[in-house]
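Trainee: Chain A is fixed; fit chains B and C onto it per the hints.
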Amino acid sequence: MSSTTLPPPHPDRLLPADPATRELARELLSCVESLPIVSPHGHVSATMISNDTAFTTPADLFVSPDHYVTRLLHANGSSLASLGVGVAAEPHEVWREFCAAWHVFDGTASGTWLVAELHDPFGIDDTPTAHNADQLYQRIMTRLGEPSFRPRALLDSFAMEVLATTDDPLDDLSAHRSLRDDATFACRIVPTFRPDAYVNAHAAGFVNRVDRLIDEASEGRSGYDGYLAALRHRRQFFIDAGAVAADHGVRTPLSLRLDRSSATSLFERLRRGDVSRDDRDAFEAHMLYEMARMSVDDGLVMTVHPGSLRNHHPDTFAQYGPDSGHDIPIAVDFTTSLRPLLSDFGTEPGFHLVLFTLDESTFSRELAPLAGFYPSVYLGSPWWFLDAPDALMRFRSAVTETTGFSRYGGFVDDTRAFCSIPARHNVARRVEASYLARLVGEHRLSLARAREIIVDVIDAAPRRAFKL
Amino acid sequence: MSSTTLPPPHPDRLLPADPATRELARELLSCVESLPIVSPHGHVSATMISNDTAFTTPADLFVSPDHYVTRLLHANGSSLASLGVGVAAEPHEVWREFCAAWHVFDGTASGTWLVAELHDPFGIDDTPTAHNADQLYQRIMTRLGEPSFRPRALLDSFAMEVLATTDDPLDDLSAHRSLRDDATFACRIVPTFRPDAYVNAHAAGFVNRVDRLIDEASEGRSGYDGYLAALRHRRQFFIDAGAVAADHGVRTPLSLRLDRSSATSLFERLRRGDVSRDDRDAFEAHMLYEMARMSVDDGLVMTVHPGSLRNHHPDTFAQYGPDSGHDIPIAVDFTTSLRPLLSDFGTEPGFHLVLFTLDESTFSRELAPLAGFYPSVYLGSPWWFLDAPDALMRFRSAVTETTGFSRYGGFVDDTRAFCSIPARHNVARRVEASYLARLVGEHRLSLARAREIIVDVIDAAPRRAFKL
Amino acid sequence: MSSTTLPPPHPDRLLPADPATRELARELLSCVESLPIVSPHGHVSATMISNDTAFTTPADLFVSPDHYVTRLLHANGSSLASLGVGVAAEPHEVWREFCAAWHVFDGTASGTWLVAELHDPFGIDDTPTAHNADQLYQRIMTRLGEPSFRPRALLDSFAMEVLATTDDPLDDLSAHRSLRDDATFACRIVPTFRPDAYVNAHAAGFVNRVDRLIDEASEGRSGYDGYLAALRHRRQFFIDAGAVAADHGVRTPLSLRLDRSSATSLFERLRRGDVSRDDRDAFEAHMLYEMARMSVDDGLVMTVHPGSLRNHHPDTFAQYGPDSGHDIPIAVDFTTSLRPLLSDFGTEPGFHLVLFTLDESTFSRELAPLAGFYPSVYLGSPWWFLDAPDALMRFRSAVTETTGFSRYGGFVDDTRAFCSIPARHNVARRVEASYLARLVGEHRLSLARAREIIVDVIDAAPRRAFKL
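Protein chains in written order, with our numbering: chain A, 1 to 468; chain B, 469 to 936; chain C, 937 to 1404.
With the rest of the complex left out, here is chain A:
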């Protein structure tokens, strides 16, 4: 295994091989490659940016917090402990283990991003191996000590214009507020309201969190009324701090409209623990409906990320906690699940609902038809396992013939891997250029129009869908 694993990023990487189509793709890519990044959904920490905390080690930057990376290393025989997932680990050893197993990322989306990240900003084109691991570690450490490698400087170098974080409803958003008030920092960091922990009635600790929410934010009201009031109140608090969206990570997109008295009674039974599994499902479905109602009222864009069975392996969850790499997708039905919600809110002026999926079979079957009728529904970009060059292309091919380009919600990187942000956006731009180049080459679009479309898709779409 002595050969170079991945070449350094080639200017034509990910562009189609046919020479004429590649030439068109290059031309289209040139329209967008250097545009600023608008990132309306992700998992970077606002506090880290606010404090401009230097990154500590290559292990913390590239390996331990990135479950895309650690899961595949785990599948190939590493223990999560040795990768520093959820537990402390010696960073040199984490890095060595990562470098020694570099080949497992060949052909993966993560591999593509990692190559780009090492090259830019770190200037590393050597393939990591067990042999050069320590040397690479040192080279990266040297850089991490430089001012230009602090989070804010990196965001500047990424040309980040907007970066959304994902936050607990009771977060005080002080980091966001201080960033907003800082005239020396141009990038707009906006919080996202993520109420899962307060509406997911199956989660351990749900009742305690609800109690705390009511205590802190209901302004004296109690019970179900206080609960709704507290959620509304915190949403407004987020809006005041710059939030544009509320995000909902649900197992299924089931929605249900309960009348007030049924909802109240179910809520009280939940707090007493006097409920069945179906009751908990019903409450969650009802709350998805209520969250849509609140979005109609307060204007927060509603984003829904359904269809992941979280923490599939109980022992790993017990030992390493959530987001440790074993959330596994399930088949999802949007059409019937969302019908109650869309029946009542789907044509409400100003309501924006961005739907994400991990189930490709819904691309053409459900999502494109829904977004092709409801003015509120936007197509979320391919998510997680599907945020990868071929999968992005399958998405384009599956939805565009029904919805065109106008119903797209824009690319979303959805990442906690800081340095992968520009790499991910760059990949998405290359895929759009390649797709449009094919349409032009097949005489389905003029080149002039394709130039306009790629700018719209990359730059205008996320601003439009996320009200930026």
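Accuracy of the hints is not assured; some may be wrong.
Said to hold, decoys possible - Okay, the calculated bits of chain A under chain B, using three or more residues with CB under 8 Å as the criterion:
{"id": "1", "stretch": "70-77"}
{"id": "2", "stretch": "330-336"}
{"id": "3", "stretch": "439-448"}
To be verified - Output of the computed footprint for chain C on chain B, the stretches with three or more beta carbons under 8 Å from beta carbons of chain C:
{"id": "4", "stretch": "709-719"}
{"id": "5", "stretch": "797-808"}
{"id": "6", "stretch": "873-886"}
Derived by calculation from the structure, the hints in this document are not laboratory data. We put the CB at the ideal spot given by N, CA and C, even for glycine.
Mentor: Relative to chain A, chains B and C alone:
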């Protein structure tokens, strides 16, 4: 947004970019591009053809009745009322709204058809815009006044050889009969028996329609026996008027064999309204089974269009009626659902069952395996949201490796958009040429054999499957 | 229909048309085209190899036992009886029927294999037709009489290194033992433990088979304990005879952990016939779980083939028996179904679980994410209807971006069609070369690394996953 949206139809449009493959595709396309059109399933009005009624306005021809077009305009902010859907609207204004939003069709199947339709027969290559809308309106109006733009003359110019309509079982088919008796009109217009309104036990007004069916067609028999007799009688009436097929638009392809006494008792309870939701489902499943039995007996080809949740948005349905653009697909199971029907009729000589789907995941998983065993089962061409260049190609790639070409039911345009008929068939021919060109280029077929296959797929397949 | 149907196998067959990509694919193919064949799952008879029985007729070699071939002939109008399926038939007539319908295989995977098989080893490049059928029959018969066309000589000429059979747990494996002891025969023939008939509680005759299993192998223990002991005992017997894997053909991959007393009581009720349909499902799910436990203990690789509804057409099953061409896939859920099994065994050292599917929608949604976390889970190669050039390519595109290449279980031919074995492996090698050529052409991998990967995927992957 000043550029030309779509170029006028290019001779190589939709053909693959690789030069050698394109050359093969051109050669294969030339074998079929000018063949007559056989259209065994669609929604054009026989009365309009019989009366040879001139089209009234561009809005009525291109916009208001075409839910492919109006749904996407609606998603992008138009009200259905302003598009003349289900209500009267000023046609100039409908047309202006359509032209101003022309860009939303970029990359869509509808966009491809519309460009072709404006070019031929209307000679228009200008991209519609808000600015040229009135001028285009006038140019089209001028043409619509000419004799060569009447329905019959257009059908002649389309080289239509067979055109099937879709009709209510109690239709008197007088238009079909007069067309058949008209020696001056060569195109064969055949009715299709569509009994949904009389077998869908969930639909409002079901019982009244059943009563009327029994009154008008049971020849004195009553109850369940009279109901079946009336259906049989009307099928024969359709056959006598030239029908070759019966079409079934069902939510699911569930089939169920009830014995006569159970069916009779369920039917009586249905008429009294003394039924559960499950009872209604059971009746529908039983009637799909009975319809197959009738097809075995009388030879009408059975076509099934399952998996659309009709009228997803209740308010829109209440205001604008059915077919207003919010029928949304759901996941479909064919394998277990059709088992009762296929167990009893799947190998019956002469029985033809053409299966359509909106759920791509069934292409390779269920439809190709079923059509690859049962002599009765034919693969319906990709339907509705899937009648689009890339989706047609995915269908070919997904089913051909299991079933070859012989189990294909032929392309079906399934449209009420009159001028789109030749455009749709032309797109299908281009996709077949492109697919076969790839197989030839990859040395999977000889060019000589591919020439034979494309003629068979385009011309012979629909005649074979639909007994034309 | 006079043209040549399929050209003789072209050196570039199945390689991509773009000239530069094809050149890369040729180069990558050359790294693996002549490597020995490792075939860790299939349905060839060990007795036939042990006895080195000459093949009798072209009909028996190419048609009657191959349900891929007979099903499509049946769909196109042949009776299974006339093809010699499950009943005796005059072989000349079977062969004539096959040759006359040769065109139905155009574009199919079977067609690709058949062309290759006729060419090599039989030296036939003529397209079979009704006219040359008798002459081809004679040419093949002549060859079948030659020593070099006996099974062992053919396996040598195929460069078979390992060939796994699939065997009943009570098989005495004498053929395997005699082959292993035969120093003149180099190919390693290994049995595979397939306990379906003894764990599928829905199958007719289940209780009798279980009784016999306990009688023969429980070493005096009785009841549920004896049943488990007998299974363990026979697994060890297989291991001693060279087995590396146990194969499980289940309708769904549902797994369930019953405690010992529940399992015992359910088992006793099953033997008395005192069970519901759900009870039978529960027992099967529990036994899939127990089989995983046994694999953890004894090291047999566990392979699971779920999602086929066997014997869809009851009359055909009654007349022709199982494997007569009407097993039809259904949608499958792996994520929730396998959770009990993976929760307890998914991270057990040495446990290997190879998952196959007939449901493409699970490629990216479930299988890649599972194999991308659990060290035990390997991706089975596309199975049955999906073992075809385009489907293999869709698999690669769907899973590689999540799992890379390291989680692949290697190509499996899974066939009883003896001469198709090298043809199938050759197709898989061409697809891998084409896929990797695209990645190299798109600058996603270096050519040097792609050369290493293709050797790993073709040669090392099956050895790794199947512990060979």
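Trainee: Taking 8 Å as the C-beta cutoff, is the stated coverage of the stretch 330-336 of chain A by chain B satisfied by three or more residues?
Mentor: holds (count 4)
Trainee: In terms of beta carbon proximity below 8 Å, does the stretch 873-886 of chain B have 3 or more residues touching chain C?
Mentor: holds (count 3)
Trainee: Closer than 8 Å Cβ to Cβ for three or more residues is the test here. Does the stretch 797-808 of chain B pass it with chain C?
Mentor: Coverage by chain C holds for the stretch 797-808 of chain B (5 residues, Cβ < 8 Å).
Trainee: Checking C-beta pairs, does the stretch 70-77 of chain A have three or more residues closer than 8 Å to chain B?
Mentor: As far as the stretch 70-77 of chain A goes, the hint is violated, because 0 residues have Cβ atoms under 8 Å from chain B.
Trainee: Establish whether the coverage given for the stretch 709-719 of chain B by chain C is satisfied; the threshold is a Cβ-Cβ distance below 8 Å, and no fewer than three residues must meet it.
Mentor: violated (count 0)
Trainee: So is the stretch 439-448 of chain A in contact with chain B by the C-beta rule, three or more residues under 8 Å, or is the coverage claim wrong?
Mentor: holds (count 8)
In summary, the structure is inconsistent with hints 1 and 4 from the numbered list given earlier, while agreeing with the others.
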